[in-house]
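Asks: Residues per chain, in single letters:
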Amino acid sequence: MLTQFRTETASASPSATLAEAETLASLMVEDEAVVSDAPTYLPEAAGAALLLGLLLASPKPPKEKPTR
Amino acid sequence: MTDTHVLSVAQQVGSRAMTWLHAAHRDGLGRIPDNTVVDLATPNDAYKPLGEIALVASVVLRDGVAGPAGTRAARELLDYAWEEVREGDLLYERQLRHVTMSDPLELYGHFARAGYRHPALEELLESISRLRAAHATEIQANRRLAVANARRLVGLSHQPDWDALAARTWLGATPEPWAVEWEIAYQITHTVFHLTDWGAHPDGLPEPMRDHVRDWLPVWLDVWLEIGQWDLALELLIVDACIGEPATGRQGWDALAAVQHDDGLVPREANEAVSSDRDESFREHQHTAVVAVLAGDVTLARALGTGAAAA
Amino acid sequence: MPFAETSLRDDYAAAVERVAGRTLDALRGGGGAAALVDPDTAVPRPLLAAVRLLGADLLSPQLLTGAGPDGPAAALLAEARRALPAPAPPSREAALVIGWQDWAAGQVLARTPYGEAVPPPAPLPGPDELGWQAWSVRMAQLSVLALPGLDGPVHDTARARVLALARGTVRSMMRRDLTTAARLARWLGWAAAEGRPLPLDVGPVLDRIRLAGDGSARTGLELAVARLLLDRSRPSTAERNQAP
Numbered sequence: 001m002l003t004q005f006r007t008e009t010a011s012a013s014p015s016a017t018l019a020e021a022e023t024l025a026s027l028m029v030e031d032e033a034v035v036s037d038a039p040t041y042l043p044e045a046a047g048a049a050l051l052l053g054l055l056l057a058s059p060k061p062p063k064e065k066p067t068r
Numbered sequence: 069m070t071d072t073h074v075l076s077v078a079q080q081v082g083s084r085a086m087t088w089l090h091a092a093h094r095d096g097l098g099r100i101p102d103n104t105v106v107d108l109a110t111p112n113d114a115y116k117p118l119g120e121i122a123l124v125a126s127v128v129l130r131d132g133v134a135g136p137a138g139t140r141a142a143r144e145l146l147d148y149a150w151e152e153v154r155e156g157d158l159l160y161e162r163q164l165r166h167v168t169m170s171d172p173l174e175l176y177g178h179f180a181r182a183g184y185r186h187p188a189l190e191e192l193l194e195s196i197s198r199l200r201a202a203h204a205t206e207i208q209a210n211r212r213l214a215v216a217n218a219r220r221l222v223g224l225s226h227q228p229d230w231d232a233l234a235a236r237t238w239l240g241a242t243p244e245p246w247a248v249e250w251e252i253a254y255q256i257t258h259t260v261f262h263l264t265d266w267g268a269h270p271d272g273l274p275e276p277m278r279d280h281v282r283d284w285l286p287v288w289l290d291v292w293l294e295i296g297q298w299d300l301a302l303e304l305l306i307v308d309a310c311i312g313e314p315a316t317g318r319q320g321w322d323a324l325a326a327v328q329h330d331d332g333l334v335p336r337e338a339n340e341a342v343s344s345d346r347d348e349s350f351r352e353h354q355h356t357a358v359v360a361v362l363a364g365d366v367t368l369a370r371a372l373g374t375g376a377a378a379a
Numbered sequence: 380m381p382f383a384e385t386s387l388r389d390d391y392a393a394a395v396e397r398v399a400g401r402t403l404d405a406l407r408g409g410g411g412a413a414a415l416v417d418p419d420t421a422v423p424r425p426l427l428a429a430v431r432l433l434g435a436d437l438l439s440p441q442l443l444t445g446a447g448p449d450g451p452a453a454a455l456l457a458e459a460r461r462a463l464p465a466p467a468p469p470s471r472e473a474a475l476v477i478g479w480q481d482w483a484a485g486q487v488l489a490r491t492p493y494g495e496a497v498p499p500p501a502p503l504p505g506p507d508e509l510g511w512q513a514w515s516v517r518m519a520q521l522s523v524l525a526l527p528g529l530d531g532p533v534h535d536t537a538r539a540r541v542l543a544l545a546r547g548t549v550r551s552m553m554r555r556d557l558t559t560a561a562r563l564a565r566w567l568g569w570a571a572a573e574g575r576p577l578p579l580d581v582g583p584v585l586d587r588i589r590l591a592g593d594g595s596a597r598t599g600l601e602l603a604v605a606r607l608l609l610d611r612s613r614p615s616t617a618e619r620n621q622a623p
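Going down the list, the protein sequences come from chains A, B and C. Quick note: the first sequence uses the numbering used here, first residue 1, plus one each step. Quick note: the second sequence uses the numbering used here, first residue 69, plus one each step. Quick note: the third sequence uses the numbering used here, first residue 380, plus one each step.
Treat the hints as calculated values from the structure; they're not laboratory data. Even glycine gets a Cβ: it sits at the ideal position worked out from N, Cα and C. Any given hint might turn out to be false.
As the list claims (entries may be wrong) - These stretches of chain C come out as covered by chain A in the derived footprint (C-beta under 8 Å, 3 or more residues):
id : stretch
1  : 389-403
2  : 467-475
3  : 547-559
Unchecked claim - Here chain C is said to cover these stretches of chain A; the calculated rule only asks that three of the stretch's residues, wherever they fall, bring their Cβ under 8 Å from a Cβ of chain C:
id : stretch
4  : 17-23
5  : 27-39
Modelling step: build the complete structure from the supplied sequences, incorporating the hints.
Replies: Printed below as a string of structure tokens:
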């Protein structure tokens, strides 16, 4: 015998049904994170760079880690 | 084959950066102070940037793809830098005092690339390179490659084991590409620069390392372009031109052309205002100008070289 | 009082966690999603929405572990597709993504007495049209298609463009978007199960996401499916790698 389920009745309001449809779609098609949190210059790693002394054609670090 | 759009944008970005760099030095920015002695108090202020000038000018002259104006600017910059290091005497005195210091050798390598020679310094460097001490210094693997490439440029008799040196770098281990941090990305670019001598020997990068770079360079470029790390993005574009057929397309060049200022300045990164003070602006963006010129130059040189080889 | 839509979204998200958690249990040999519902009471709509959203993954234990048929899970999925309003996507691209997700659900339901296959929607543009970055984000949205037994044009492109998938995975890892990375790593696991050589070691990626990711059941489900797919390509290592 096939299993059958009974579903809660939808709200009579068409706007509630539309909200369901839109929420469902937005969760089914999640976009990637809008803001990248990719690695940048870390002040705590600067000590190692200073110890290396002269690094030809490598950059000076930015003044501070940029904030987003 | 590199697409012609990439070549024209690369040529434009590089030549405009060269104009900016040349104008700044013509106007006396970035000089070594007159009273400088061998023990430089702040080598990063003028000495290291001069080395970068010698690097970019000598590579531009070597590749011969810059056109008359670019070639003249490179020649003037190199003459100027040679004068600043007192035609090699400053390097000689510094190396004589400090046996295991590698920066005089590294700077001199760039002058030697363009035929600016100092015989006494070369004799000294030859002698030092025979010391076990010269090879025992505990430095990072990509720095060891910088020293080996400088010895190669000067023509010293010491023959390094390139494969062993390469194997000790980050790239040599072909690690998880997602673990690359910002500083590590610069180590990667420098490993490629020194092994290939800025694109002169694409085969200098061992094949597994080259395959690894070809697989992941587009990702690294994309990720750091997105957050506006223009300086690093330019270094990655140099890498792309040093390894044979390019692995990235128009994305990087179009982004960099869009952020370059009218006077040729390329901002180091997006999240930082460019200072209106010219001295400060020069100090902060000269490295990015150097890598912009190099990126344009080696991109053109690689494409034209490929064309010549194919013909 | 919160906006109604925000609370609906929260309700759905909470339900997704519950259903994904149950499916994860089933993948590890426990009960299925149907255990969420008491047959004598009406199914709450958020739960049904969660079932609709997880789609074909509801039956992933049957496809991946050889678990016996799960009639209640299939019935729930069929009911969700019947009772809920059709999703209202904001763009044509989103509509295509949902269309392919529905195709996958239809394909797995067609193997049960509860449904029949639906015709495939229009093909999706590939990495040559979109660039590997945008294409891989799209593929992350289609991770539910990375299941054994599903095959079509989306899979053909995935098979042919494993490097683009791997680049997308690494890109998401470096942007610290580990949710997207997990979904792309699942495609790499699928490609491995298909016998494609991988340019990226996926095991450490899954482990990294397990330790540093959002810890949600939904991501856990993606990781578990990815691990099971990966183990299919390397049966000898299956014992060594415990499922995340």
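Asks: All the hints need checking, so say for each whether the structure fits it.
Replies: Results of checking the hints against the structure:
1. 389-403: The restraint on the stretch 389-403 of chain C holds, since 3 of its residues have a Cβ under 8 Å from chain A and three suffice.
2. 467-475: holds (count 4)
3. 547-559: Answer holds; 7 residues pass the 8 Å Cβ test.
4. 17-23: Since three or more residues must qualify, the claim that chain C covers the stretch 17-23 of chain A holds, with 7 doing so at under 8 Å.
5. 27-39: With 11 residues closer than 8 Å to chain C, the stretch 27-39 of chain A meets the three-residue bar; holds.
Of the numbered hints listed earlier, not one is contradicted by the structure.
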